[in-house]
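Novice: Listed here are the chains, written in short residue letters.
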Amino acid sequence: MSADPDEELIRRVGAGDPAAVQTLVARKLPRILSLAVRMLGDAAEAEDVAQETFVRIWRHASSWRRGNARFDTWIHRVTLNLCYDRLRRRREWVTDDLPDVADPAPLPDAGDETQRIEQALQTIAPRQREAIVLVYYQEMSNIEAAATLEISVDALESLLSRGRRALQMILAKDGVHD
Amino acid sequence: MAEDIEDGPAMDAKRFAALAEAFGGDPRRWPQAERAAAEAFASSETGQAISRHAGKLDALLDSYRVRPPSKALYGSILRGADRHLVQRRRQRFWWLGLGLAGIGLAGAIAGLTLVTVVTPEAQSEHYVLDANATAFGDAGPEAENGEESL
Numbered sequence: 001m002s003a004d005p006d007e008e009l010i011r012r013v014g015a016g017d018p019a020a021v022q023t024l025v026a027r028k029l030p031r032i033l034s035l036a037v038r039m040l041g042d043a044a045e046a047e048d049v050a051q052e053t054f055v056r057i058w059r060h061a062s063s064w065r066r067g068n069a070r071f072d073t074w075i076h077r078v079t080l081n082l083c084y085d086r087l088r089r090r091r092e093w094v095t096d097d098l099p100d101v102a103d104p105a106p107l108p109d110a111g112d113e114t115q116r117i118e119q120a121l122q123t124i125a126p127r128q129r130e131a132i133v134l135v136y137y138q139e140m141s142n143i144e145a146a147a148t149l150e151i152s153v154d155a156l157e158s159l160l161s162r163g164r165r166a167l168q169m170i171l172a173k174d175g176v177h178d
Numbered sequence: 001m002a003e004d005i006e007d008g009p010a011m012d013a014k015r016f017a018a019l020a021e022a023f024g025g026d027p028r029r030w031p032q033a034e035r036a037a038a039e040a041f042a043s044s045e046t047g048q049a050i051s052r053h054a055g056k057l058d059a060l061l062d063s064y065r066v067r068p069p070s071k072a073l074y075g076s077i078l079r080g081a082d083r084h085l086v087q088r089r090r091q092r093f094w095w096l097g098l099g100l101a102g103i104g105l106a107g108a109i110a111g112l113t114l115v116t117v118v119t120p121e122a123q124s125e126h127y128v129l130d131a132n133a134t135a136f137g138d139a140g141p142e143a144e145n146g147e148e149s150l
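Taken in order, these protein sequences are the chains called A and B.
The first sequence begins at 1 in my numbering and counts up by one.
The second sequence begins at 1 in my numbering and counts up by one.
Bear in mind the hints are in silico, worked out from the structure with no lab data behind them.
Since this is a predicted model, take the numbers as computed values, not measurements.
Ideal Cβ placement from N, Cα and C applies to all residues, glycine included.
Hints may be right or wrong, so weigh each one.
Unchecked claim - Computed beta-carbon distance windows for the label pairs: (1) A49(B) x E8(A): 40 to 50 Å; (2) K14(B) x G175(A): 23 to 33 Å; (3) S158(A) x R88(B): 40 to 50 Å.
Said to hold, decoys possible - Computed from the model, here is a short list of chain A residues facing chain B with C-beta under 10 Å: (4) V21; (5) A43; (6) A50; (7) R59; (8) S62; (9) Q115; (10) N142; (11) E157.
One chain only, chain B, in its complex shape (with noise of 0.2 Å):
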């Protein structure tokens, strides 16, 4: 269409009711590249009559007016904007408190694997009881042998 051609396409009639077909009398609606050829068109005769004849509908729709936004709807939409502010801020600190948590329970875990790793084996005080111990000592065959020297 006449946005990809940089110096713009040459205007006449049939291009010129096209234009005014879709966009209206008013040539500040109409694609930019086309808009300078279309505008010098517009004062001849036959220019005049399609933008008068197309003028008569923009008319109409210029008519069809909005009432602005209400100072309600507005208020509404600021209160909707502050509750959204305070949900998201709330979840920020609890990611924050989460990230925290989680950056503690990593110290620890790396505490505990290097007190695990720097501090020497202690020996270990378990004794193990085999098949010849008792509560009074070996009762193995030693012991026998020291009861009989006796």
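With the rest of the complex left out, here is chain A (with noise of 0.2 Å):
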């Protein structure tokens, strides 16, 4: 397994260094904000699960051991763990066993085309949701996707595919995509 990048800032947190709080803030932030959003669609639910990670990073900083996962696998994880909290609450957790297929129903007259795609990936399976993030938008490899949602390449390929397939009937329906 390759170095971890925040190995060392992480002990610094854990041993309560101001400076290393102040960076590891800078360089995580953003992205723990831009996954909560595109997760949630909703920019201060998105906020409020930055804050919840970042008491989390606090909390365990000074016990936090590399195991079989890096420090940004595991950040990835408590954020997606939150925001399926938050999902669950708002009654849009979708068990694998359940159909994935998109809702067909076109979507509602959205301002610009930022917004229709926000709303056709709030639309498809938060899996597939999820996969579609991690790797377009985190920039995540497919194997530190993979790991991240703690199942296989090939599993996570399938859900990439479905997710696009998916996207592509929404936007298609709703003119964007053809």
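Each of the two chains sits in its own frame; use the hints to bring them together as a complex.
Specialist: Rendered as structure tokens:
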């Protein structure tokens, strides 16, 4: 396994170094927030998730040991779990047993293209959304994304294919994608 | 999958299409083990057509940008970190105090034990009264005899 680029930083955070705390926030907050925004489709909720993620980081920093996962993978998993808690609370949770075909209803009239993409992403199954967000927006490799989702790379590829097909279908219905 | 094959698998249109369908048209997102073969295949006519099609959805996905974190959020998270650090420092002092108190108590017990072991047993000055004793002396049979001899 390759070296973890965050290992030294998190050790310093664990030791209570204020400069390391600032560096960690500057380095990770944009990634955590963008992940949460795209998973939840709600900026305010995403900010709450980002704050909760950092509370967990502060709590675990002094005892954090690299096991099988990198620190970045670990915080992505924490963020995703917090997002799932909120999705569950919103009753949007869809289990793997349920069909992951997107809702065929056309998207509501959205103001611009970005909003249509955002809404299309919110329409597909959460697991597919997760896979797409990790690979496209968080720029994780297939191995890192699979590790974060705790699935095989084959399963990741399958989630991505189904997710993209679902997005194409939704956007085509909406006239955004041909 | 591809990651398990060291030299990378042979690329054909079917596999190329499957990769494009999953990872999009940008080979930088593709599995590293298959990237070189995929990039070579991408220059073919079929490869170009598949990449073009996948690229349309990529362009749409790229257009979805998220606002960077606000200064207020940075500030709030840093204040949270400060609070946590202060709390942890207090806890550390509390444990340190508890540890010192424990050491002090252990020392006191050890000292007391040592004194008890080393100091010789003092003779008891405690006078045990028996049935014949009075405040003026022994009122037993010998005392009675003494009175008679007077």
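Novice: Could you run down the list of hints and mark each one as holding or not?
Specialist: Taking the hints in turn, this is what the structure says about them:
1. A49(B) x E8(A): 40 to 50 Å: Holds, since A49(B) and E8(A) (Cβ atoms, about 47 Å apart) stay within the stated range.
2. K14(B) x G175(A): 23 to 33 Å: The hinted range 23 to 33 Å holds for K14(B) and G175(A), with Cβ atoms some 30 Å apart.
3. S158(A) x R88(B): 40 to 50 Å: 44 Å, holds
4. V21: 5 Å, holds
5. A43: 7 Å, holds
6. A50: 7 Å, holds
7. R59: 7 Å, holds
8. S62: 8 Å, holds
9. Q115: With a closest approach of 9 Å, the Q115(A) hint holds.
10. N142: N142(A) check passes; min Cβ-Cβ to chain B is 5 Å, inside 10 Å.
11. E157: 5 Å, holds
This entry satisfies every hint, going by the numbered hints stated previously.
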